[in-house]
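From first to last, the protein sequence lines stand for chains G and H.
Okay, so the first sequence: first residue is 12 according to our numbering, each after it adds one.
Okay, so the second sequence: first residue is 279 according to our numbering, each after it adds one.
One or more of the hints may lead you astray.
[Unchecked claim] Here are the simulated distance ranges between beta carbons:
| no. | chain 1 | residue 1 | chain 2 | residue 2 | range |
| --- | --- | --- | --- | --- | --- |
| 1 | H | Arg-360 | G | Val-134 | 52 to 60 Å |
| 2 | G | Pro-96 | H | Ser-380 | 58 to 66 Å |
| 3 | G | Tyr-312 | H | Ser-380 | 18 to 26 Å |
| 4 | G | Val-134 | H | Arg-681 | 39 to 47 Å |
| 5 | G | Ser-198 | H | Ser-924 | 39 to 47 Å |
| 6 | G | Leu-232 | H | Ser-345 | 40 to 48 Å |
| 7 | G | Leu-63 | H | Leu-379 | 49 to 57 Å |
| 8 | H | Arg-794 | G | Leu-142 | 26 to 34 Å |
| 9 | G | Val-293 | H | Arg-362 | 49 to 57 Å |
| 10 | H | Arg-362 | G | Arg-45 | 37 to 45 Å |
| 11 | H | Ser-380 | G | Arg-45 | 28 to 36 Å |
| 12 | H | Ala-767 | G | Leu-63 | 44 to 52 Å |
| 13 | G | Leu-65 | H | Ala-767 | 37 to 45 Å |
| 14 | H | Asp-674 | G | Leu-310 | 42 to 50 Å |
[Claimed, not checked] Only part of the chain G face toward chain H is listed, based on derived beta-carbon distances under 10 Å:
| no. | residue |
| --- | --- |
| 15 | Ala-207 |
| 16 | Tyr-208 |
| 17 | Ile-209 |
| 18 | Ala-212 |
| 19 | Ile-214 |
| 20 | Ser-218 |
| 21 | Arg-225 |
| 22 | Met-227 |
| 23 | Leu-228 |
| 24 | Ala-230 |
Quick caveat, the hints were computed from the structure, so don't treat them as lab data.
Backbone N, C-alpha and C fix where the C-beta goes; we use that ideal spot for every residue, glycine too.
For reference, the chains in residue letters:
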Amino acid sequence: MSATSDPSKTDTGTMPTIRPLRLGALRRRGRLLRRLWSDAPISVIGGVGVLLFLLLALIGPYLTPYNPIANNFAERSETPSLAHPFGTDNFGRDILSRIIYGGRNIFALTGSATLIAVGLGLVIGLYVGYLGGWIDQIVMRLIDALLALPALLLTLLLLGALGNSRFTVLVAIVILYVPIVTRVVRSVVLDIKTKAYIEAAEIGGESRFHILFREMLPAVLPTLAVEGALRFSYAIFLVASLGFLGLGVTRPEPDWGLMVSEARDWYALSPHMMFFPAAAIVTLVVCVNLMADGLRRLLEYSEVD
Amino acid sequence: MEAPILSIENLTVAYRLQGKWLEAVREVSLCVSAAQTYGIVGESGSGKSTLVQAVMGYLSGNGAVRSGAIRFEGEDWLHTPRRRREQLWGARLSMVPQDPLSALNPALTVGEQIAELVQRHTEDTHNAAYGRAIEMLRRVKLPDPEGAARRYPHQISGGQQQRALIAMALASPDLRLLVLDEPTTSLDVTTEAAILDLFAELQDDHRAATLFVTHNLGVVARMCQRVAVLYAGEVMEDAPTETLYHKALHPYTRLLLRAVPRIGDHSTLQAIPGRIPSLRKRPSACVFAPRCPVAIDLCHAQKPPLERAKDGHLVRCHRWHEIAEGSLRVEEAPSVAKRREIQSTEVTFFDQLFSAEQNGAQATIMRAEHLRVQYGVRGLLGRLLGKKLPFRAVDDVSMRVPRGKTLGLVGESGSGKTTFARSLIGLIEIESGEAHLLEMPLRGTPRQRTKATLKAMQMIFQHPEESLNPNRTVGQALSRPLMTLSGMARPEAERAAADLLRAVSLPADYLGRFPRELSGGEKQRVAIARAFAAQPALILCDEPVSSLDVSVQASILNLLAQLQAQHEVAYLFISHDLAVVGYLADYIAVIYRGQLVERGKAESFFTPPHHPYTEALLASIPLPDPQAKQRRIRLPDDQPTGGVPSGCRFHPRCPRYLGEICQRQAPPWHTDEQGRHYRCHIPPHELTVLQTEDGA
Numbered sequence: 012m013s014a015t016s017d018p019s020k021t022d023t024g025t026m027p028t029i030r031p032l033r034l035g036a037l038r039r040r041g042r043l044l045r046r047l048w049s050d051a052p053i054s055v056i057g058g059v060g061v062l063l064f065l066l067l068a069l070i071g072p073y074l075t076p077y078n079p080i081a082n083n084f085a086e087r088s089e090t091p092s093l094a095h096p097f098g099t100d101n102f103g104r105d106i107l108s109r110i111i112y113g114g115r116n117i118f119a120l121t122g123s124a125t126l127i128a129v130g131l132g133l134v135i136g137l138y139v140g141y142l143g144g145w146i147d148q149i150v151m152r153l154i155d156a157l158l159a160l161p162a163l164l165l166t167l168l169l170l171g172a173l174g175n176s177r178f179t180v181l182v183a184i185v186i187l188y189v190p191i192v193t194r195v196v197r198s199v200v201l202d203i204k205t206k207a208y209i210e211a212a213e214i215g216g217e218s219r220f221h222i223l224f225r226e227m228l229p230a231v232l233p234t235l236a237v238e239g240a241l242r243f244s245y246a247i248f249l250v251a252s253l254g255f256l257g258l259g260v261t262r263p264e265p266d267w268g269l270m271v272s273e274a275r276d277w278y279a280l281s282p283h284m285m286f287f288p289a290a291a292i293v294t295l296v297v298c299v300n301l302m303a304d305g306l307r308r309l310l311e312y313s314e315v316d
Numbered sequence: 279m280e281a282p283i284l285s286i287e288n289l290t291v292a293y294r295l296q297g298k299w300l301e302a303v304r305e306v307s308l309c310v311s312a313a314q315t316y317g318i319v320g321e322s323g324s325g326k327s328t329l330v331q332a333v334m335g336y337l338s339g340n341g342a343v344r345s346g347a348i349r350f351e352g353e354d355w356l357h358t359p360r361r362r363r364e365q366l367w368g369a370r371l372s373m374v375p376q377d378p379l380s381a382l383n384p385a386l387t388v389g390e391q392i393a394e395l396v397q398r399h400t401e402d403t404h405n406a407a408y409g410r411a412i413e414m415l416r417r418v419k420l421p422d423p424e425g426a427a428r429r430y431p432h433q434i435s436g437g438q439q440q441r442a443l444i445a446m447a448l449a450s451p452d453l454r455l456l457v458l459d460e461p462t463t464s465l466d467v468t469t470e471a472a473i474l475d476l477f478a479e480l481q482d483d484h485r486a487a488t489l490f491v492t493h494n495l496g497v498v499a500r501m502c503q504r505v506a507v508l509y510a511g512e513v514m515e516d517a518p519t520e521t522l523y524h525k526a527l528h529p530y531t532r533l534l535l536r537a538v539p540r541i542g543d544h545s546t547l548q549a550i551p552g553r554i555p556s557l558r559k560r561p562s563a564c565v566f567a568p569r570c571p572v573a574i575d576l577c578h579a580q581k582p583p584l585e586r587a588k589d590g591h592l593v594r595c596h597r598w599h600e601i602a603e604g605s606l607r608v609e610e611a612p613s614v615a616k617r618r619e620i621q622s623t624e625v626t627f628f629d630q631l632f633s634a635e636q637n638g639a640q641a642t643i644m645r646a647e648h649l650r651v652q653y654g655v656r657g658l659l660g661r662l663l664g665k666k667l668p669f670r671a672v673d674d675v676s677m678r679v680p681r682g683k684t685l686g687l688v689g690e691s692g693s694g695k696t697t698f699a700r701s702l703i704g705l706i707e708i709e710s711g712e713a714h715l716l717e718m719p720l721r722g723t724p725r726q727r728t729k730a731t732l733k734a735m736q737m738i739f740q741h742p743e744e745s746l747n748p749n750r751t752v753g754q755a756l757s758r759p760l761m762t763l764s765g766m767a768r769p770e771a772e773r774a775a776a777d778l779l780r781a782v783s784l785p786a787d788y789l790g791r792f793p794r795e796l797s798g799g800e801k802q803r804v805a806i807a808r809a810f811a812a813q814p815a816l817i818l819c820d821e822p823v824s825s826l827d828v829s830v831q832a833s834i835l836n837l838l839a840q841l842q843a844q845h846e847v848a849y850l851f852i853s854h855d856l857a858v859v860g861y862l863a864d865y866i867a868v869i870y871r872g873q874l875v876e877r878g879k880a881e882s883f884f885t886p887p888h889h890p891y892t893e894a895l896l897a898s899i900p901l902p903d904p905q906a907k908q909r910r911i912r913l914p915d916d917q918p919t920g921g922v923p924s925g926c927r928f929h930p931r932c933p934r935y936l937g938e939i940c941q942r943q944a945p946p947w948h949t950d951e952q953g954r955h956y957r958c959h960i961p962p963h964e965l966t967v968l969q970t971e972d973g974a
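Turn these sequences into a full structure, and let the hints steer you where they fit.
In structure tokens, the structure reads:
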């Protein structure tokens, strides 16, 4: 038996307002976050971690005095110290600076790739799910075919065909993730398109655009946010793996995967060269996953409410 | 008198929600003795489900009995250890739940499930237990019990599933207490009648105490010897059934009885204003006082005790003495509803109402001719991917809806009544036949239709929960059709939306609210307002009140009647409930398996002759009057599988089955002197004689 919310609480004045009360929505969101903190604090920590990484990528370059690609043979392979908190590599480059700049690259690449994939997947999923019929059949079979290709194989093929560049990696990520996002969006759309309120909009003569983006989109958004976060973490993983193989990066641009790969030769002498970039990859991926879990929980709360 | 089987003493049950205890059941006391059927009536939110869960010991994790006691055969049931309870569940007390399909395990055959239960409480071998299961299925009158035992739950009909569950509940020979939680609510009325008969019959056998929980006042009147009326977790009144229905002392009971539509009674229903207070906001004085028309200051200040009015009649009201003396009137004086006299010109018009021939009557706003609708038709690609037999849900239905009138379309689930409406409005494709609205053809999806066609016809949906977008405010929901269909600019539409809300008796500040902040009845009011926003000529009402509580249902019906009188809009009112349709409709049509079987004017509809199916429907409705005399006609359960029967579609279930002719030949339409039309091989005069003869 769920208690209905107090109707008198939302009486703010005599003026009828049609647009939702933003203040109430914010307060609700604050309450949900507090509940998440008591249920699964680790997912809140994960979210904060992602924000910290993002902050570091945004303002980090202004904080660090070192150039991430300039060699400095006077300070080669130094262990962590106050001047170089993460030490230096075999060319004397500051590892912290390289991680910060590498983080910037990784956020720019995976972030934009994920956004494009989520955006495209959202639009395709909404249309295909809502229209149904033969369009749906054809698109979904195409998507099945794409999903049957192994991710790394497809990326390697594209890198061979389009050239070894960051842009190719972006294209690969988009091609890999659009089908997955499309499927998720479509499943939500299939669930709500038979609801009476969508039928009411149809017999109300609403345009397809209005039905898809005003009536349906709000219901898709929570699921989409969770899926987007998960895609983001997989994209980071993929980019790091490719970097490790020396793909999609141009030396001496700092890249976490490439840094780990290069540090392999010096593993015995300078383990810190490998440890810090590897730790950065692991921490970011774990944080993003925890954040995705938190988003999923928030989604469940609002469904229960 | 022997000791009661179940006694509940001063029971208070609460749920812990966000650190606070909220009482769902407060100080409830009652005793059920052997072979007695004790009814618990309440609307949603009255705490009846919580009471059932407490009695069964099924309370959810955050629920707890805060005070009071439950004794089962003298044993302190609340402090009985889990192990002991497990021995008793299914052996000495059992329950029949509301939704049969979700209560049965879909992975086991019906026979296996019952046998499993039997084996748990006896030393029987598997074979013996299975034999006992089949015997139980026979006792609950399942046709072909061996066959049914071998089937999986989804392979039998809803009524048969409920029979299987009853078989399971009664499988133990030592049964002492049977708890029935809305056991017939999800069933069709003809099936319900048969199941209720079965309960009564079986009780003569097992003689267990029965706790019958329901919201349906008709079912209680038929089944129970004693009734407790629950409101907001408290017992308002507790009396023998006869006394309760004829000499109720509590204002709530009296109003509730005035809110139920009754067949043949056209006086206005009286709705109870307001709604059941939520758990958080239960008044500390009389819980009903905020909605009570005769509440005085005392009622808002002090909680009335549950007093003994007469022998065995308990009531919780400060003013019951005045009500008992007759010096205080709770109900409004009965007034005869809006039903206008139908003039003779209208009668001739009515004759043409359902015929497929053209007539120039301008009064017709919608006409459908030989409409057929089919499900499961697939395109080329679909046929390549898989095969499924198409199913014709509407088969050759013709009807006309006159301007400003209500045509009630009655049928049970699966009869095609909703499909018919959905095909008119374009949510399902019309297979063949034609439909016109104000001379505009109704064809294609809503997108393919003109604005004028869309504007002229709107729909009110069954479930208020689903008919409003949870992410959009009431204002957004109302102003959209004003902008798209009536072509208003946004500020104008927002002003008009406030007017619409006022028209459905909701305050204007609801515009900023989201659907989750509204009660079910309020949501349905908003849905009605939205349908009226386009100023349509015809509104399709698809069971608009069937998911609402009785007291709310009455107010929605009255609202629909009032809006019709103001705006001259026509309704196609679809319902499974003949009493509801009889209250609102000017004309009534009955649909069975995709075909109309009877149609007539509402005022003469409830007198014979009837199509045998209508006759059975009328005989099955549980009347909210324990003294009501009703003919007893029971139909065999419908078979869920198999195609459309040949000849007359009703012949496999027909109590007036003539013989081969019914099986071979589709029956013709007959017309009696009153202008009623029905489709049967028995001519009107014979049918009239048959139907008045054995009626007492």
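Broken hints, by number: none
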